[in-house]
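Enquirer: Taken in sequence, the protein lines are chains R and P.
According to my numbering, the first sequence holds residues 16 to 433 in order.
According to my numbering, the second sequence holds residues 16 to 433 in order.
It is possible that part of the hints are untrue.
The list treats identical chains as one, so a pair stands whether inside a single copy or across any two.
[Claimed, not checked] Cut-off 20 Å, straight-line C-alpha distance, at most; resulting in silico cross-link-like pairs (DMTMM-like, lysine to aspartate or glutamate):
no. : residue 1 : residue 2
1   : Lys145    : Asp282
2   : Lys276    : Glu344
3   : Lys145    : Glu232
4   : Lys33     : Asp254
5   : Lys276    : Asp378
Since the hints were made in silico from the structure, they are not lab data.
Protein chains: 2
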Amino acid sequence: MQSDQRVRVNGIEYRWPKRPVVAVCIDGGDPAYLARYLSEGAVPNIARCVHEGFAAVADGSMPSFTCPNNMSIITGTPPAVHGISGNFYLDTTTWQPVVMTGPELLRADTVLARFAEAGARVVSITAKDKLRRQLAKGLDVSAGHVSFSSEFADRCTLAENGIESVPQWLGQPVPGMYSMELSLFVLDAGIRLLAERRPDLTYLSLTDWVQHKWAPEAPEARAFYQALDARIGQLMAMDITLALTADHGMSDKSDVAGEPKVIWLQDLIDERLGAGRATVICPITDAFVAHHGALGGFVRVWLRGDLSAREVIASLAGVQGIEVALEREAACRLFELPADREADVVVVACQDTCIGGSQRDHDLSGLAGNRLRTHGGLSEAKVPFILNRPLLPRYRERAAAKPLQSHQLLDFAINGTL
Amino acid sequence: MQSDQRVRVNGIEYRWPKRPVVAVCIDGGDPAYLARYLSEGAVPNIARCVHEGFAAVADGSMPSFTCPNNMSIITGTPPAVHGISGNFYLDTTTWQPVVMTGPELLRADTVLARFAEAGARVVSITAKDKLRRQLAKGLDVSAGHVSFSSEFADRCTLAENGIESVPQWLGQPVPGMYSMELSLFVLDAGIRLLAERRPDLTYLSLTDWVQHKWAPEAPEARAFYQALDARIGQLMAMDITLALTADHGMSDKSDVAGEPKVIWLQDLIDERLGAGRATVICPITDAFVAHHGALGGFVRVWLRGDLSAREVIASLAGVQGIEVALEREAACRLFELPADREADVVVVACQDTCIGGSQRDHDLSGLAGNRLRTHGGLSEAKVPFILNRPLLPRYRERAAAKPLQSHQLLDFAINGTL
Numbered sequence: 016m017q018s019d020q021r022v023r024v025n026g027i028e029y030r031w032p033k034r035p036v037v038a039v040c041i042d043g044g045d046p047a048y049l050a051r052y053l054s055e056g057a058v059p060n061i062a063r064c065v066h067e068g069f070a071a072v073a074d075g076s077m078p079s080f081t082c083p084n085n086m087s088i089i090t091g092t093p094p095a096v097h098g099i100s101g102n103f104y105l106d107t108t109t110w111q112p113v114v115m116t117g118p119e120l121l122r123a124d125t126v127l128a129r130f131a132e133a134g135a136r137v138v139s140i141t142a143k144d145k146l147r148r149q150l151a152k153g154l155d156v157s158a159g160h161v162s163f164s165s166e167f168a169d170r171c172t173l174a175e176n177g178i179e180s181v182p183q184w185l186g187q188p189v190p191g192m193y194s195m196e197l198s199l200f201v202l203d204a205g206i207r208l209l210a211e212r213r214p215d216l217t218y219l220s221l222t223d224w225v226q227h228k229w230a231p232e233a234p235e236a237r238a239f240y241q242a243l244d245a246r247i248g249q250l251m252a253m254d255i256t257l258a259l260t261a262d263h264g265m266s267d268k269s270d271v272a273g274e275p276k277v278i279w280l281q282d283l284i285d286e287r288l289g290a291g292r293a294t295v296i297c298p299i300t301d302a303f304v305a306h307h308g309a310l311g312g313f314v315r316v317w318l319r320g321d322l323s324a325r326e327v328i329a330s331l332a333g334v335q336g337i338e339v340a341l342e343r344e345a346a347c348r349l350f351e352l353p354a355d356r357e358a359d360v361v362v363v364a365c366q367d368t369c370i371g372g373s374q375r376d377h378d379l380s381g382l383a384g385n386r387l388r389t390h391g392g393l394s395e396a397k398v399p400f401i402l403n404r405p406l407l408p409r410y411r412e413r414a415a416a417k418p419l420q421s422h423q424l425l426d427f428a429i430n431g432t433l
Numbered sequence: 016m017q018s019d020q021r022v023r024v025n026g027i028e029y030r031w032p033k034r035p036v037v038a039v040c041i042d043g044g045d046p047a048y049l050a051r052y053l054s055e056g057a058v059p060n061i062a063r064c065v066h067e068g069f070a071a072v073a074d075g076s077m078p079s080f081t082c083p084n085n086m087s088i089i090t091g092t093p094p095a096v097h098g099i100s101g102n103f104y105l106d107t108t109t110w111q112p113v114v115m116t117g118p119e120l121l122r123a124d125t126v127l128a129r130f131a132e133a134g135a136r137v138v139s140i141t142a143k144d145k146l147r148r149q150l151a152k153g154l155d156v157s158a159g160h161v162s163f164s165s166e167f168a169d170r171c172t173l174a175e176n177g178i179e180s181v182p183q184w185l186g187q188p189v190p191g192m193y194s195m196e197l198s199l200f201v202l203d204a205g206i207r208l209l210a211e212r213r214p215d216l217t218y219l220s221l222t223d224w225v226q227h228k229w230a231p232e233a234p235e236a237r238a239f240y241q242a243l244d245a246r247i248g249q250l251m252a253m254d255i256t257l258a259l260t261a262d263h264g265m266s267d268k269s270d271v272a273g274e275p276k277v278i279w280l281q282d283l284i285d286e287r288l289g290a291g292r293a294t295v296i297c298p299i300t301d302a303f304v305a306h307h308g309a310l311g312g313f314v315r316v317w318l319r320g321d322l323s324a325r326e327v328i329a330s331l332a333g334v335q336g337i338e339v340a341l342e343r344e345a346a347c348r349l350f351e352l353p354a355d356r357e358a359d360v361v362v363v364a365c366q367d368t369c370i371g372g373s374q375r376d377h378d379l380s381g382l383a384g385n386r387l388r389t390h391g392g393l394s395e396a397k398v399p400f401i402l403n404r405p406l407l408p409r410y411r412e413r414a415a416a417k418p419l420q421s422h423q424l425l426d427f428a429i430n431g432t433l
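Taking the hints into account, I'd like the entire structure generated from these sequences.
Expert: Encoded structure:
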């Protein structure tokens, strides 16, 4: 490998990093958290990035969910190119929902894997294991790269993860699934690996448990961001290029009484158009639904038999809390989604509302009296886009004259900083 | 007036400008023009702002038309507050379209007028006279303020405009209605007034004739931007705070053969739902339609009799080139529009398509063989947001953590710069 080597990934040419590049994806890191903590002076290291580097709010990918946006960031492309348009989609040959976390569903190369192939040392750590395999697609850990999740930190093997005995090595127990430590473990492990192995490219992806549970004004959320900020400070002290973004934002979707504002779309369509004619899929669904009850701001409707998309859209006209309902083609064009994985109808909720399927299928007991906070819609598609170093002139000009999208983060971090 | 005086306008507190503030609204100034000319090095003064000041792409107001966005900029509010949601709306008591350029329709105070009241000297110059009265609302020209249009530069009186014999004073003839000089005259007059009277606050609003006619690659468009850039340089040399934005962008809406891609919405609705049941209003319409034939990316549909909004929306499902069709309430929520001036249905076109009423009512002969370029939709609602001075820390943090909107321009320019 030479320092003038270039690595081309999905049409973008990346230069060889002058210094290690560390990208942190704050899962659920709505700009509102930073707005509050920056104004309070509570996150001095992130503030230093804002004042000495580059900082803006960018458009994330739609739907504003974890898998699509992580894939957008690490491939540098929108979902229309990389193919991951949700956490779930419906396979209409079997009529079964299919989880979209399989690496075989990812259609674009990742910047991580292409750099690894070119001889760079690469580290990828995520909080929840569901993301890990896609993040590691094409990454040969036998060649010295590292890929693991804090969730399964104690199950790592050299063959599968490029590292083993992680809790012992880090001196921290495996964190609970529902804890802010699950994210902090990711950051601490990244910092330790940076110190020990100085990888060229590190991707650290957190979990949004804190943001689902607490609004910016909650002391618990502030404590999490302060712990995050302390680690940002450690990273900044290590002569790296740091890039900070989020996969999606987070909105409060409860009413004044604290009750979730939900449109039960399957029930509504069944009632208005007849049962069994359409299947609503909530593509936020994952194995960890306690904190959002599988309710998000974006759902998909697949049609059976002779029901038409326009009938469904017409039946939803006037429903409070629906921001927009679109046919497949319009949704794909507007949101840059892959048409072959898109439903017949896409429904997006307003900021204060979420959409579910049938009321009987959603278990909201996990909320345990907390207000429902979730994401998926346009109102949660604005994310921070922060670098610890100033932009090169050419990239300043780009930021001045082209709308900024979070999938450009690695391009800006690797190619665009001083 | 004291230098620590504050002026409160529509909930925002503005400090007294330390030095003259000049805001320039490049009508139709799509970011694509700057993207091209910055990369070519063709606009060195704007580049200097980008590199030494602050520059980003912001969200403009919807619909992406001239009147709503100029009012958003000078009031610091969205159309839901200031009330100007198009160039035209339909008065359903008379069932006649009403031009929205009357100052009585503007519901918010302007920053210009409130500063003038507080003792600041204010100048407002626009290319087309249609905007002038709204821009000057509440501005008492007898108190030394200036307000005129380059279109009617030779008709100015001290009583009406605070200035007279403008062509003689400036040493330039009144420019043609369809010329780039109509914009350059505005800038030259602003520069001259700044030199002679040093007003505290100057608002210069151009015309989009160039952008309607020429794409960024056209030499004519480049020549216009270079002439604009030279004047930006003159302004920057005068110890001012300069703020640069656009009211809207501009998209090519012709096909490969050069024919306009138009949805004739009135004809379509008449055919599908019956004639006389709905009235389509093209709120881009103004007296100067030659360069766009009254075709834009945003139209309004008012319903008569028993036709429902959902029937109209259902009838449009699957029509190529429609990005989204919304009922009044959804449109107002999504785009922050005033409900009492909104139609029953709002229809937004895709970037490559525009929407008209009845084909027989649109005269496209003015295009004279040029490709149709126009605006109004979401694809033309991204605009430059450029300041010649760096932001204060608090405003850097705001830009890092809150989506940037063009109606914040005066707040950033007056309160947010070093």
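Enquirer: Hint by hint, note whether the structure agrees.
Expert: Right, here's what the structure says about each hint:
{"no.": "1", "hint": "Lys145 - Asp282", "result": "neither (30 Å within a copy, 51 Å between copies)"}
{"no.": "2", "hint": "Lys276 - Glu344", "result": "between (28 Å within a copy, 18 Å between copies)"}
{"no.": "3", "hint": "Lys145 - Glu232", "result": "neither (30 Å within a copy, 46 Å between copies)"}
{"no.": "4", "hint": "Lys33 - Asp254", "result": "within (10 Å within a copy, 39 Å between copies)"}
{"no.": "5", "hint": "Lys276 - Asp378", "result": "within (14 Å within a copy, 48 Å between copies)"}
The structure fails hints 1 and 3 (numbered hints given earlier, in ascending order).
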